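Please work from the sequences and hints to get the whole structure.
Same order as they appear, the protein sequences are chains A and B.
Start counting the first sequence at 1; every next residue gets the next number (this note's numbering).
Start counting the second sequence at 1001; every next residue gets the next number (this note's numbering).
Read the hints as simulated data drawn from the structure, not as lab findings.
This structure is a prediction, so every number in the text was calculated from the model and none was measured.
Note that beta-carbon positions come from the ideal geometry of N, C-alpha and C, so glycine has one too.
Please note: incorrect hints may appear among the correct ones.
Chain A residues, not near chain B, derived (Cβ > 12 Å throughout) [to be verified]:
no.	residue
1	Arg25
2	Arg36
3	Arg45
4	Pro53
5	Ala81
6	Gly92
7	Gln93
8	Ala97
9	Arg103
10	Ser117
11	Met121
12	Arg126
13	Thr144
14	Asn176
15	Arg208
Chain B regions said to be covered by chain A (calculated; three or more residues, Cβ under 8 Å) [stated by the list, open to error]:
no.	stretch
16	1045-1052
17	1077-1085
18	1094-1100
Protein chains: 2
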Amino acid sequence: MVERIDLHKHLRLHLVTDSALCGARGIEAVVEAAVRGGATCVQLREKALDRRPFVERARALKALLAPLGVPLLINDRVDVALACGADGVHVGQRDMAPEDVRRLMPPGSIVGLSIESAAQMIAAERAPVDYYGLSPVFDTSTKTDAAPPLGLAGVRRIRAMTMRPLVAIGGIGFENAAAVMAAGADGLAVVSLLCKAADPADAARRLRQLMDGTP
Amino acid sequence: MVERIDLHKHLRLHLVTDSALCGARGIEAVVEAAVRGGATCVQLREKALDRRPFVERARALKALLAPLGVPLLINDRVDVALACGADGVHVGQRDMAPEDVRRLMPPGSIVGLSIESAAQMIAAERAPVDYYGLSPVFDTSTKTDAAPPLGLAGVRRIRAMTMRPLVAIGGIGFENAAAVMAAGADGLAVVSLLCKAADPADAARRLRQLMDGTP
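Structure (structure tokens):
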């Protein structure tokens, strides 16, 4: 486990993995480069992989990230998170309920929940969730079952309704990163932008500059 | 949790669920009838269901089975087993490793592993497994990714090589149940035979009579 989680620091730039998009160089090389460039959190998402190699991959990433102080979240599978000692779990609306995830994970773990509308956010406000993944902000090619995009107006609207950290995902790119942050996101999550980048470290660095307003 | 698990008693007749095969009457009605007829163990297998309804269904079955003293096993998902307080987990060769399942589940839980060959059984002998599911014994239509059938000769061969309880699955029917038990199985697991039965209680009763050699 990462010693002490500072949500606002650690949730700033999520790399959500897609092993197919990472290509031949492999997921670990992309993760290492993205973190070097400024990714503050890694969410391992494996929808097609068998559980045994999923656990092995999760352990390899945990070993890579722990010395760097970067939290590892597991998408959906609480048992994989427990097996590899991950720092948290990210679930969607149809995954295990956040109450159950919280109860099964060790104290201090991060529990994230995907929110596709203001109504879902309101329903989740009583649930033991640390941050919301706002999804999708824009059109995205990575997720085929995504809801209609929230747009910047949707981010602003949800921002006005909750104190919880908001991580925006879906169609995030260099051209809109600053606008999404200005609309009230606390962090951004990207799949393609880093997994497909020729130089993931450089892509993460540029994205952080745009998010942070640094030159 | 069922108070005290007696493996030879509780593993005798597994009902492995298939909600589609259970049809409109629903999985709970089939489970209740099968247990009334003589099923000693229920394994909830849900390959297509979202996690949230999976947990809800598991809790409903646990509530149904606990007063009857019948253990509930969950196929593959350790997190669902933990969330619903199941008595154990059954994993396949590509699921989470038995060592990890054992570590995550409470002490005294049942851990079952599918074995498709003598070589897999030998490799598993050092793993913390309570019973082997021998799969498939015969041709089966329920599992599309099944290995070649072991046949009665395969059951006999594996029986001679391990002290662990063996639960045979795959193409088990009234016509071969006694022969599979005679070949050395400690129990049988069935999907179609009970889930598709017009009268699951009667089907379970007939199967138990054939297995137990009672009139």
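Checked hints:
no.	hint	in the structure
1	Arg25	25 Å, holds
2	Arg36	30 Å, holds
3	Arg45	14 Å, holds
4	Pro53	8 Å, violated
5	Ala81	8 Å, violated
6	Gly92	9 Å, violated
7	Gln93	8 Å, violated
8	Ala97	6 Å, violated
9	Arg103	8 Å, violated
10	Ser117	17 Å, holds
11	Met121	17 Å, holds
12	Arg126	16 Å, holds
13	Thr144	16 Å, holds
14	Asn176	31 Å, holds
15	Arg208	33 Å, holds
16	1045-1052	holds (count 3)
17	1077-1085	holds (count 6)
18	1094-1100	holds (count 5)
Checked against the numbered hints given earlier, the structure breaks hints 4, 5, 6, 7, 8, 9 and satisfies all the rest.
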